[in-house]
Amino acid sequence: MPRNIYGLDLGTHEIKVYDKKKQYLWKEKNVIALKEKDKLVAIGNKAYEMIGKTPSTIRVVLPMQKGAIAHFDNMQHLLSTLINNEGRFLRGSEYLVAVPTDVTEIEKRAFYDLVINSPSKAKSVRIVERSMADAIGASVDIFDTKGAMVVNIGGSTTELSVLLFGGLVVNRLLKIGGEDFDQSIANLMRQTHDVLIGHSAAQYLRSKFGVASTLSEAETTVSGKELLTGLPRKVEVSGSLVGMAIREPLHEIVKAIKAMIDRTPADVQAEIYKNGLYLVGGMARVAGISDYIKSYINLPIHIARKPELSTVRGLETIILNRKRYKKFTYSMQEEDYRWLR
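Under the working numbering, the first residue of the sequence shown is numbered -15, with each subsequent residue one higher.
Among the clues, some could well be false.
[Unchecked claim] In silico DSSO-like cross-links for lysine-lysine, where the CA-CA straight-line distance does not exceed 27 Å: (1) Lys50 with Lys11; (2) Lys242 with Lys258; (3) Lys13 with Lys290; (4) Lys21 with Lys50; (5) Lys239 with Lys278; (6) Lys37 with Lys23; (7) Lys6 with Lys37; (8) Lys11 with Lys105; (9) Lys310 with Lys37; (10) Lys242 with Lys105; (11) Lys50 with Lys242; (12) Lys307 with Lys258; (13) Lys37 with Lys218; (14) Lys290 with Lys5; (15) Lys192 with Lys105; (16) Lys310 with Lys6; (17) Lys107 with Lys6; (18) Lys159 with Lys239; (19) Lys130 with Lys278; (20) Lys159 with Lys5; (21) Lys6 with Lys311; (22) Lys107 with Lys307; (23) Lys159 with Lys105; (24) Lys13 with Lys130; (25) Lys310 with Lys5; (26) Lys311 with Lys107; (27) Lys278 with Lys159; (28) Lys23 with Lys5; (29) Lys290 with Lys239; (30) Lys21 with Lys37; (31) Lys11 with Lys218; (32) Lys307 with Lys130; (33) Lys50 with Lys37; (34) Lys50 with Lys13; (35) Lys13 with Lys159.
Read the hints as simulated data drawn from the structure, not as lab findings. None of these values were measured; they are calculated from a predicted model.
Using the sequences plus the hints, can you model the full thing?
The structure is reproduced here in structure tokens:
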């Protein structure tokens, strides 16, 4: 028997973990701060607070980029430190790891290798496609649905999936997410106000205004650096400007959603228009996002409860109902695992 079972969602900005034994969910920022080549300065939440505030001798790194492990050694260092320092993982346990569906076999293997080779001494590691975990976490009846679309808008990617009777009809991973919303806000601030704003200010503006038309006349003050002089400067920013900035990358997501629906068989397409679109991921909380999508694609929009937790909640459901959902999980050690079929 395994000592415990963990559900692991490795997002670009956060690691989310479900602990079966404690019936508890915890999360930590997926960030590591290093000095020189590999001298550890901080990890997780403490490292995240250092973004944009460190001297040139310290590097703050996000090991995950656009849905894949971009810096394997740093990711392994971060996970190993969490395991050793926090004592949150029991050795000899089983792990269920969510991975993006539309990535290469090598990228999927990296998720597996990361956990199986960690100090946790895992008894076994099984993989579940994130699109399935998202659907289950959003309370979609994946076994009986005649057509459901799930859209996960995360920190750096957007995953689009159409499901039918427990299977995937089509799936696509877009390299667009909250980072692009924030960068677009920063770019527009530079163009319209000649001010350079940081990561935190862009996030604040996105969280405060989003793309909601009802907030277009509202204003707030943020601090930045004047491009001409390099001196600190406070500027008034309107909701309409923030909405304009976010709409540019968001519209690419909307076009991809529409294109995917158009590609599905007619009977499945009819069910999607009938049942609506399930929106999950942290960016589902952006104000006005459902209204914006609906203005281009006239179908019901269902935002999951705590959408940023949909993936890990899906993992929780799979772990607690192992027999029912067993076919959706795979070991990379099996000769006939899904991606070789």
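Quick rundown of the hints versus the structure:
For the given pair, Lys50 sits about 19 Å from Lys11 by alpha-carbon distance, which is consistent with the 27 Å threshold. As the CA atoms of Lys242 and Lys258 are separated by approximately 15 Å, the hinted pair is consistent with the 27 Å bound. Distance check on the hinted pair: Lys13 and Lys290 sit about 17 Å apart at the alpha-carbon level, within 27 Å; holds. A threshold of 27 Å between alpha carbons decides the hint, and for Lys21 with Lys50 the separation of about 23 Å falls inside it, so the pair holds.
Our distance criterion of 27 Å between C-alpha atoms is met by Lys239 and Lys278, whose separation comes to about 12 Å. Of the pairs offered as hints, the one joining Lys37 and Lys23 holds, with about 18 Å between alpha carbons and a cut-off of 27 Å not exceeded. About 36 Å separates the Cα atoms of Lys6 and Lys37, which puts this hinted pair outside 27 Å; it is violated. At most 27 Å may separate the alpha-carbon atoms for a hinted pair to count; Lys11 and Lys105 meet this at roughly 21 Å.
The straight-line distance between the Cα atoms of Lys310 and Lys37 is roughly 45 Å, outside the 27 Å bound, and the hint therefore fails. Of the pairs offered as hints, the one joining Lys242 and Lys105 is violated, with about 44 Å between alpha carbons and a cut-off of 27 Å exceeded. Annotation: proposed proximity of Lys50 to Lys242 holds, straight-line Cα distance about 22 Å (limit 27 Å). At roughly 30 Å between alpha-carbon atoms, Lys307 and Lys258 are farther apart than 27 Å, so this suggested pair is violated.
For the given pair, Lys37 sits about 18 Å from Lys218 by alpha-carbon distance, which is consistent with the 27 Å threshold. Among the hinted pairs, Lys290 with Lys5 is consistent with the structure: their alpha-carbon atoms are about 22 Å apart, no more than 27 Å. In summary, the hint linking Lys192 to Lys105 is not supported, as the alpha carbons are separated by about 43 Å, beyond the 27 Å threshold. A distance of roughly 22 Å separates the Cα atoms of Lys310 and Lys6; the hinted pair therefore holds under the 27 Å criterion.
With a CA separation close to 18 Å, the supplied pair Lys107 and Lys6 stays within the 27 Å bound. Taking the CA atoms of Lys159 and Lys239, the gap is about 14 Å. The hint holds against a cut of 27 Å. Proposed proximity of Lys130 and Lys278 is supported: the alpha carbons are some 21 Å apart, at most 27 Å. The suggested pairing of Lys159 with Lys5 is violated, with an alpha-carbon distance near 35 Å, which exceeds 27 Å.
Pair hint Lys6 plus Lys311 holds up; C-alpha atoms about 25 Å apart against a cutoff of 27 Å. With a C-alpha separation of about 19 Å, the suggested pair Lys107 and Lys307 falls inside the 27 Å cut-off, and the hint holds. With a C-alpha separation of about 33 Å, the suggested pairing of Lys159 with Lys105 is violated against the 27 Å cut-off. Proximity of Lys13 to Lys130 is assessed by CA-CA distance (about 37 Å); at most 27 Å being required, the pair is judged violated.
Taken as a hint, the Lys310 and Lys5 pair is honoured in the structure, with Cα atoms around 19 Å apart against an allowance of 27 Å. A C-alpha spacing of about 19 Å is found between Lys311 and Lys107, which places the hinted pair at or below 27 Å, so the restraint holds. The suggested pairing of Lys278 with Lys159 holds, with an alpha-carbon distance near 22 Å, which does not exceed 27 Å. For the hint linking Lys23 to Lys5, the alpha-carbon distance of about 34 Å lies beyond 27 Å, and the restraint is violated.
For the hint linking Lys290 to Lys239, the alpha-carbon distance of about 25 Å falls within 27 Å, and the restraint holds. Proposed proximity of Lys21 and Lys37 is supported: the alpha carbons are some 19 Å apart, at most 27 Å. Distance check on the hinted pair: Lys11 and Lys218 sit about 33 Å apart at the alpha-carbon level, beyond 27 Å; violated. Proposed proximity of Lys307 and Lys130 is supported: the alpha carbons are some 22 Å apart, at most 27 Å.
Proposed proximity of Lys50 and Lys37 is supported: the alpha carbons are some 23 Å apart, at most 27 Å. For a cut-off of 27 Å, the pair hint linking Lys50 to Lys13 stands: about 16 Å separates their Cα positions. Our distance criterion of 27 Å between C-alpha atoms is met by Lys13 and Lys159, whose separation comes to about 20 Å.
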